[in-house]
Amino acid sequence: MQQTLSKKILQSKSFLLLAITAVVLLITYIVSPGAFNVGNAKQILSNISYVGIFAVGVACLLISGGIDFSLSGQATFAMIMFAQILKSFPSLPWGVAVLAALVYGVIAGSINAFFANGLKLMSFICTIGMSSVWTGLATWYTRGNIIPIRNASFSALSATYIGNTPIPMLFIFMALVVAGYSFMLRRTRFGRSILMAGGNPAAARLAGMNTGKIKSILFVNASVLAVVGGLIWASQQNVGSPAGLLTVMPEMTGLTASILGGVSFMGGSGSLGGAFSGVLLINVLAYALQVMGLPTWLITFINGSLLVVALTIDGYNMRRRFRHFGIKGGGGGGGMVMPGMSK
Amino acid sequence: MERYLEFAGVGKAFPGVQALDDISFRAQSGRVLALLGENGAGKSTLLKIMSGDLRADTGSVILNGETVSFTSPFDAIKAGISVIYQERQLIPAMNVMENIFLGDLPVKSGLIDAKKLKSDTKALLEKFGLSIDPEIPVMFLSTAHQQMVEIIKAYRRNSQVVAFDEPTAPLTDTEIEILFKLIGQLRDEGKIIIYVSHRMAEIFQVTDEIVILKDGKFVKTLNTSETDEQELVRSMVGRDIGDTYSHLSRNDSMGDVLLEVKNLASPYVRDVSFTLRRGEIIGFAGLVGSGRTEVMRALFGADPVLSGEIKLDGRSVSFKTPKDAIDSGIALCPEDRKEQGLVLWRSIEDNICMPVLSKLRKGLFLDTKACERVALSSIKRYDIKTPTVDKIVMELSGGNQQKVILGRWTSELMDTKILILDEPTKGIDVGTKAEIYQTVCDFAKLGIGVIFISSELTEVINVADRIIVMHEGHITGSVTREEATEESILALAMAQ
Numbered sequence: 000m001q002q003t004l005s006k007k008i009l010q011s012k013s014f015l016l017l018a019i020t021a022v023v024l025l026i027t028y029i030v031s032p033g034a035f036n037v038g039n040a041k042q043i044l045s046n047i048s049y050v051g052i053f054a055v056g057v058a059c060l061l062i063s064g065g066i067d068f069s070l071s072g073q074a075t076f077a078m079i080m081f082a083q084i085l086k087s088f089p090s091l092p093w094g095v096a097v098l099a100a101l102v103y104g105v106i107a108g109s110i111n112a113f114f115a116n117g118l119k120l121m122s123f124i125c126t127i128g129m130s131s132v133w134t135g136l137a138t139w140y141t142r143g144n145i146i147p148i149r150n151a152s153f154s155a156l157s158a159t160y161i162g163n164t165p166i167p168m169l170f171i172f173m174a175l176v177v178a179g180y181s182f183m184l185r186r187t188r189f190g191r192s193i194l195m196a197g198g199n200p201a202a203a204r205l206a207g208m209n210t211g212k213i214k215s216i217l218f219v220n221a222s223v224l225a226v227v228g229g230l231i232w233a234s235q236q237n238v239g240s241p242a243g244l245l246t247v248m249p250e251m252t253g254l255t256a257s258i259l260g261g262v263s264f265m266g267g268s269g270s271l272g273g274a275f276s277g278v279l280l281i282n283v284l285a286y287a288l289q290v291m292g293l294p295t296w297l298i299t300f301i302n303g304s305l306l307v308v309a310l311t312i313d314g315y316n317m318r319r320r321f322r323h324f325g326i327k328g329g330g331g332g333g334g335m336v337m338p339g340m341s342k
Numbered sequence: 000m001e002r003y004l005e006f007a008g009v010g011k012a013f014p015g016v017q018a019l020d021d022i023s024f025r026a027q028s029g030r031v032l033a034l035l036g037e038n039g040a041g042k043s044t045l046l047k048i049m050s051g052d053l054r055a056d057t058g059s060v061i062l063n064g065e066t067v068s069f070t071s072p073f074d075a076i077k078a079g080i081s082v083i084y085q086e087r088q089l090i091p092a093m094n095v096m097e098n099i100f101l102g103d104l105p106v107k108s109g110l111i112d113a114k115k116l117k118s119d120t121k122a123l124l125e126k127f128g129l130s131i132d133p134e135i136p137v138m139f140l141s142t143a144h145q146q147m148v149e150i151i152k153a154y155r156r157n158s159q160v161v162a163f164d165e166p167t168a169p170l171t172d173t174e175i176e177i178l179f180k181l182i183g184q185l186r187d188e189g190k191i192i193i194y195v196s197h198r199m200a201e202i203f204q205v206t207d208e209i210v211i212l213k214d215g216k217f218v219k220t221l222n223t224s225e226t227d228e229q230e231l232v233r234s235m236v237g238r239d240i241g242d243t244y245s246h247l248s249r250n251d252s253m254g255d256v257l258l259e260v261k262n263l264a265s266p267y268v269r270d271v272s273f274t275l276r277r278g279e280i281i282g283f284a285g286l287v288g289s290g291r292t293e294v295m296r297a298l299f300g301a302d303p304v305l306s307g308e309i310k311l312d313g314r315s316v317s318f319k320t321p322k323d324a325i326d327s328g329i330a331l332c333p334e335d336r337k338e339q340g341l342v343l344w345r346s347i348e349d350n351i352c353m354p355v356l357s358k359l360r361k362g363l364f365l366d367t368k369a370c371e372r373v374a375l376s377s378i379k380r381y382d383i384k385t386p387t388v389d390k391i392v393m394e395l396s397g398g399n400q401q402k403v404i405l406g407r408w409t410s411e412l413m414d415t416k417i418l419i420l421d422e423p424t425k426g427i428d429v430g431t432k433a434e435i436y437q438t439v440c441d442f443a444k445l446g447i448g449v450i451f452i453s454s455e456l457t458e459v460i461n462v463a464d465r466i467i468v469m470h471e472g473h474i475t476g477s478v479t480r481e482e483a484t485e486e487s488i489l490a491l492a493m494a495q
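Sequence lines, in order, name chains P and A.
For what it's worth, numbering that gives the first Met the number 0 labels the leading residue of the first sequence as 0, then goes sequentially.
For what it's worth, numbering that gives the first Met the number 0 labels the leading residue of the second sequence as 0, then goes sequentially.
Each hint should be verified, as a subset may be incorrect.
[Claimed, not checked] To be clear about the criterion: a stretch of chain A counts as covered by chain P if any three or more of its residues have a C-beta under 8 Å from a C-beta of chain P, and this derived list gives those stretches:
| no. | segment |
| --- | --- |
| 1 | 148 to 160 |
| 2 | 317 to 323 |
| 3 | 326 to 339 |
| 4 | 351 to 360 |
[Said to hold, decoys possible] Result set (EDC-like, lysine to aspartate or glutamate): computed pairs, CA atoms no more than 16 Å apart in a straight line:
| no. | chain 1 | residue 1 | chain 2 | residue 2 |
| --- | --- | --- | --- | --- |
| 5 | A | Lys444 | A | Asp414 |
| 6 | A | Lys310 | A | Asp323 |
| 7 | A | Lys114 | A | Glu97 |
| 8 | P | Lys7 | A | Asp389 |
| 9 | P | Lys212 | A | Asp323 |
| 10 | A | Lys219 | A | Asp21 |
Hints listed in this document are in silico derivations from the structure and should not be mistaken for laboratory results.
Owing to the predicted nature of the structure, the values given are computational and were not obtained by experimental measurement.
A virtual CB, placed ideally from N, CA and C, is assigned to each residue, including glycine.
The shape of chain P in the complex, shown without the other chains (with noise of 0.2 Å):
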């Protein structure tokens, strides 16, 4: 039992990220040992802060077989939201603010859930449009100018770390949330059916389970994630910015971790730790590019190119496994179903 169970570790995608990310970070002090300095540390970690969360909704969307590109439209929408309510009424506790983003977080997602499973649209599709949407509206109310935010207490919340370590608040806050949704998946009935809706949608509706609602529910949970997430990030920037995120997607990085961390892009498998480690491994090896001394684009085009490889790993396994047991649909891609892109 304890042999298997450690071999189960091993073999686990998890533990490959794991290994892949202090392999990295071996070359890099290797290459250039001053990059392993305290402000770096923050800086990474940070930066996970609020990618991490992104990436958790991300993940159980996709289990279920959603998929959502308007996440950083949203978390922008969100952000512009919160800085313009602390500005027009100063006096009022940040929390309320947070609140009124959060309201706003569950009606964008309610809006792509209705689509998803009322209109029957395809989420694919509808949801790049969706983020259109939403920074659009962003752009034209802050005429593309950032809204600075001026709240000691709410910028103190990502510039608060643990003791004397490089380890921030949020970040504890986030590796909670993963924790939670992590045990949520594993160990609950919710999190049970996720895995089953997502793996067959109709053998989970004959066998009496509610697809379309366990769906919303993940598309506002996302949505709502995503808000958490942008208002991290509005607060280490300490700015209302309607372009910022957008120069990063995180929704793109959570979807890349995902997939890399063996999320099944077809839904019904996968799990939190392998997306969180996914998570850490794109940070991590940003940051090393970037201390390296490598040029933004390199970043971008070595980014692009692993969502992409973590695609071709998902679909050879995929078609490897209906090969094997001689299912039709697998081969050629020809069966193959997108999240959000069936009815």
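Fit chain A to the given chain P structure using the hints.
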């Protein structure tokens, strides 16, 4: 040189099943060869190997003396082998001529030569005496016409081998006549024709020789003109059919009326009325597409009910979703296990516990020990061949997969009153079939009302107490087991 297609020692295994075992026979040009066998005999697998969908583990396929090996359907088409499946392989929004010339559209100076395309299509259609408008998108054509387009597509590609998989299933009698004329024309032109069908009458009408398969093995080749139906059935079954069934231990005490369906109509069926008693097994027979599955989907809340009444235990019920039906004690094992029944990449435990997760909670969390217990008891009860509850169901054989679904609906936490089994023995080996028949009878003994849908007439006639026959979305008759014969059921199914 004579042209032929030969299978030499072809074998193919799936996990748990040897689908094909050392199959060797030869199909000659200018002859129609029938592939005959029970469900699961290996006909489809053989077709798939021919068409490049699957690769054989052993043996080879030889076309005119040359060994051919396909890695994709495209390779097979290039080599001159076309398989006409039941599911159309046409592009719905494209018109007839584009579909026929798909992949090889006539081109003049870089552009599609629309004139030539049209005249060539017309010539082809005329050659076969078909009056189909070449410019109409194929989605507007009838099933029969779509099939004709597909045949012409295969002909146009200069296919040497044309194989048909149950081509007449969706066709009416006149359409079948036209199809046979087409097949005759292809034969006379020296094509190698392979014809898969369950319908005896057709086989005598259209084929020249018959290859019989059983449980993945080659049994024998017979000349159509020198054999008769009895000999075929004997060779296919390889045993006295009555045997499996006469050993069944049946339920002999039926209870009161459990389910009453009155004039049920859904978008796919109309005016369906029947009753089901406790401990009764009713069979639903009919050709593919006759609406059997659709009646059950409406009953189960999976399709909308337009009108009519469903009474369960004397009370009027209406199910908006499958969950409502399940909560009332109705369970459905769907026709397509892999597409609709199982979540293939999840474990046996996950699949068995699906409908009872709400009863497996410990506070907020899932009681994983109880989940395992439920799964284990089903594994034991149905003798599912697996080392652990964690094995993913995709790795199980068809028979064991079916048992997982049965286990799901009859676990200790389910209170199933009505069990609907839609083609429960499809693609399952003979031994497991017998087990499933007995299981069905055991359900009846427990007072469960069982609805048993099957396309295998012998099976439905011998397992069910009463057989309801459907044709084109409505019921054409109801026969008891004692008075049912294959002929009488088939006549009702074809509404003759």
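We went through each hint and held it up to the structure:
With a threshold of 8 Å between beta carbons, the proposed coverage of the segment 148 to 160 of chain A by chain P is violated, since 0 of its residues qualify and at least three are required. Taking a C-beta to C-beta cut-off of 8 Å, the segment 317 to 323 of chain A contributes 3 residues in contact with chain P, enough for the three needed, and the coverage statement holds. Here's how the segment 326 to 339 of chain A fares: 6 of its residues keep a CB closer than 8 Å to some CB of chain P, so the rule of at least three is met and the hint holds. For the segment 351 to 360 of chain A, the assignment as covered by chain P holds, since 7 residues bring a beta-carbon within under 8 Å of that chain's beta-carbons and 3 suffice.
As the CA atoms of Lys444 (chain A) and Asp414 (chain A) are separated by approximately 15 Å, the hinted pair is consistent with the 16 Å bound. This hinted pair checks out: Lys310 (chain A) and Asp323 (chain A) have alpha carbons roughly 14 Å apart, not beyond 16 Å. The straight-line distance between the Cα atoms of Lys114 (chain A) and Glu97 (chain A) is roughly 12 Å, inside the 16 Å bound, and the hint therefore holds. For the hint linking Lys7 (chain P) to Asp389 (chain A), the alpha-carbon distance of about 13 Å falls within 16 Å, and the restraint holds.
With a C-alpha separation of about 15 Å, the suggested pair Lys212 (chain P) and Asp323 (chain A) falls inside the 16 Å cut-off, and the hint holds. Restraint check for Lys219 (chain A) and Asp21 (chain A): satisfied, since their Cα atoms lie roughly 13 Å apart, inside the 16 Å limit.
Hint violations for this structure: number 1 only, all remaining hints satisfied.
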